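There are 2 protein chains.
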Amino acid sequence: MAEIFLALIHHPIVNRNGRVITSAITSLDLHDLARSSRTYGVRAVYVVHPIPEQREFARSVIDHWRIGYGRSFDSRRVEALNLLEIVEDLDAAVAAAESAAGRRPEIVHTSAREAQGISFAAMRDRIAQEGAPPVLILLGTGFGLAPAARERADVALEAIRGTGDYNHLSVRAAASIILDRLCGR
Amino acid sequence: MAEIFLALIHHPIVNRNGRVITSAITSLDLHDLARSSRTYGVRAVYVVHPIPEQREFARSVIDHWRIGYGRSFDSRRVEALNLLEIVEDLDAAVAAAESAAGRRPEIVHTSAREAQGISFAAMRDRIAQEGAPPVLILLGTGFGLAPAARERADVALEAIRGTGDYNHLSVRAAASIILDRLCGR
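Protein sequences appear in the order of chains A and B.
Residues 1 to 185 (the numbering used here) are what the first sequence spells out, left to right.
Residues 1001 to 1185 (the numbering used here) are what the second sequence spells out, left to right.
Source of the hints: derived by calculation from the structure; they are not laboratory data.
Model, not experiment: these values are computed from the prediction.
All C-beta atoms, glycine included, are put in the ideal place defined by N, C-alpha and C.
Hints are not guaranteed to be accurate.
Label pairs and their in silico Cβ distance ranges [claimed, not checked]:
(1) A/A132 - B/R1076: 32 to 42 Å
(2) A/S75 - B/R1152: 24 to 34 Å
(3) B/Q1129 - A/A92: 42 to 52 Å
(4) B/T1163 - A/R113: 27 to 37 Å
(5) B/I1118 - A/Q116: 28 to 38 Å
Chain A with its partners taken away, still in its complex shape:
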């Protein structure tokens, strides 16, 4: 099976009006994403933020659990948070994944607005194949990834569909569903 990497993107993303913005790092995103990633065997999660102070904040959230009180409080939490790496841009995430996997990852775009894109079933088969290249799945915060992120991707994954037209999942929920569909039993 392919090695899976995630990148949680805080820039470039769009706001509700489609304007390109930078979102703030949310401590709960880090926890939820780390726990879901650990559950589904993700190799590393890159938290992408261009602002040094925000990256510092993310590191302090992780260190609270890795070093201080949190460590003795919940070792399973530490195990999950150890998957997180804080980087400044998508290039750094790609480079880190390439370095970890020994091979350039295939970059996978995700969006709630994707009308076409490869199906979850096809992507799951692809990942399951012997010798499949590593994949780096891009997750947009805010109202989703900006066009610039999509241009960097090798493949776009179909949107998650529920039972109707409404599709407005949190990035935390979307990420867990994507991992379950691609790697769950």
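Got chain A sorted already, so can you dock chain B onto it with the hints?
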């Protein structure tokens, strides 16, 4: 298809040591669960808490989006939050679901530690059947539902499994995966 109801239980649940406790309501749980529920066609989400001040807090979170600034800021958010109902115990949740569906719901227990339980595939088939009874899915906060909640259930759902033994999803992630497995396309 059966009507689906969720109950987010803050008591009786257990802490890391298996002691029965009451957890605090988290505003992000409400948002995430509402959005996932709206996406997957859930009829209503009961937020169960025995303490009046906590129920009041939950209502204030919802009203912020339903009435004030939030309403104009994001109408999709309102649409999701309208699914939430704040109740004091499981009995009230069952009664509300029965009143909404016109029929007593089947109570479904969920746990990350469930070793047996009905499979997701079997539960999905059951729900999809013509004339299937409504189901009320119990979700535990903290370290999961207390034994007293399990005793109230008609059926237990198998645990979500990832790729290995680690299974420590947030209730937000677990709920979204459960809905996707039971109702997703």
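Okay, the hints, checked on the actual structure:
1. A/A132 - B/R1076: 32 to 42 Å: holds, 36 Å
2. A/S75 - B/R1152: 24 to 34 Å: For A/S75 and B/R1152 the Cβ distance comes to about 32 Å; the hint holds.
3. B/Q1129 - A/A92: 42 to 52 Å: Roughly 50 Å apart at Cβ, these two residues keep to the hinted range, so it holds.
4. B/T1163 - A/R113: 27 to 37 Å: holds, 29 Å
5. B/I1118 - A/Q116: 28 to 38 Å: holds, 36 Å
In this structure, every one of the numbered hints holds.
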